[in-house]
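Next come the chains, spelled out residue by residue.
Protein chains: 2
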Amino acid sequence: MPDIRDLTVSIVGLGLIGGSYAKGLRRLGTRRILGVDIDRATLDKAKASGVIDEGFDSPGKAIAESDLVIVGLYPRLAVDFVKANLAGFKPGCVVTDVSGIKARVLGEVMAVIPESIDFVGGHPMAGGESLGYDHSSADIFTGASYLLTPHERNRKESVDLVREMALALGCRKVREVSPEVHDRIIARTSQLPHVVASALIAAAASGSDGMIDCFLGGGLRDTTRIADINGKLWSELLISNSGPLVPCIEDFEEKIRKLRVAIGSGDTEGLEAIFADAMRLREGLYGNAPTLR
Amino acid sequence: MPDIRDLTVSIVGLGLIGGSYAKGLRRLGTRRILGVDIDRATLDKAKASGVIDEGFDSPGKAIAESDLVIVGLYPRLAVDFVKANLAGFKPGCVVTDVSGIKARVLGEVMAVIPESIDFVGGHPMAGGESLGYDHSSADIFTGASYLLTPHERNRKESVDLVREMALALGCRKVREVSPEVHDRIIARTSQLPHVVASALIAAAASGSDGMIDCFLGGGLRDTTRIADINGKLWSELLISNSGPLVPCIEDFEEKIRKLRVAIGSGDTEGLEAIFADAMRLREGLYGNAPTLR
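Which chain is which? The protein sequence lines are A and B, in order.
The first sequence runs 374 to 666 under our numbering.
The second sequence runs 374 to 666 under our numbering.
Heads up, none of these hints are tricks.
It does not matter which identical chain is used: a pair holds within one copy or between any two.
List time: in silico SDA-like cross-link candidates among lysine to any residue, alpha-carbon distance up to 25 Å:
#1 K605 to R630
#2 K529 to G461
#3 K605 to R653
#4 K456 to G480
#5 K546 to R594
#6 K605 to G643
#7 K605 to G660
#8 K605 to G639
These are computed hints drawn from the structure, not numbers from a lab.
Could you put the whole structure together from the sequences, leaning on the hints where they help?
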């Protein structure tokens, strides 16, 4: 397996994620990093600071020379990009993506991609508070999980290359799962919380009698932090994953209904049991001793 | 209005909240602070450190001498304590509580309390990660809101005394509301988030295929932080406030349902509009520019 530092790597889309790959790979000492973006100013900034060696506002020349192409675009755009450039990739190259949903991306890409190009589905569980190249950082990968969804057609070296890159960038663990399992779990652990936070802030803020500010504790703030959402990206992610996500929301709705019934009927033991389970589950996930309030 | 420092103050229940009152009032220079608790060891510790002047494991002597009695007990216990000690309070004294629900407490207490005792309902929007005297601190009030639910029978000086104490303890603002308005707003801003967090952690953790740890981002952690709940206290708070809370949960359920339908039907514009509203609402509550993810 080649050393990532010896490869020519193209990064398509120098946003928060793509820019972070560029900065991380540069810090690792990757010899040749090419940036592809529609925004010339971003390319110039990245080149001026030495993060990329060359910037291209069209992908042709960059991907033709690249051993690894990291597509840092939203899912729909990522699929369209790969489809539109099938003939432009360097034979034998590895192409990987960063999409938060995998089944649809893998399905569409693997249906059209030629033998000579190896597409490895990837999802770095990394992000940040704000979007765009200016907020990108080599450190967003530190301690993060990196999910890979290998396909039967993938060459082992290709999957190993992306895995080694993820670990070299500082990820704590790399996990291989099927695209379907990925999308089913991510629906619960990432997509559902975003849906819930958005509904909660709407319900909490409604009819607030103009004095709600005196009633705001830290609980609501934390619980709705991720309601500060990139609506365009998340609408795409959630709708693209509606298959696994909708049953997941229904499961959550059932749990809310049970809580409402227990509260409405004054079922103290039932309610205490639900809260005890919740604390146990959270402790199981985050390992920390429960903090009472 | 008397200066809080010149009064004899009893604090009933030296837990996280009661202990914090004692430490805060001592820091202010209150001359005589009496602690009432069933746990002798806590009383001894508080006295040894000079936080209280005397500790009592039964209230009789303490409340008979006190100009102000702060009842730092759970709502049900607070009501029972006041009822059980009606004859024991010093004539002309002020009694206040710290319950997170107010209508039921005020209703039960005002129905039985004699003219000679002035009960002022209070709710410091302050708390902490952990329970008990050892976690109490004079600083929990700093910057917090303090809600008062005055009753037509209250003397103005009594309400003023509790307000001045709250401000002296470091609270940012003191707001007077009716018990009913208090309970209606607190249901949305504090109780609903706790209900939601508990349901979310249960839904997120279910059937996690043993690899959920690779799928955990910061979003779920923050969104479910308050699922680490004091089940006994919160079961009482929620059930006691089921009147305002249940419709609030139903409103939230309707908003979740709308999101589910938009996701299931691929209604991108509808979904983006909901997320835009959520961001606007959150910005309105917390003033911070939205952070995209």
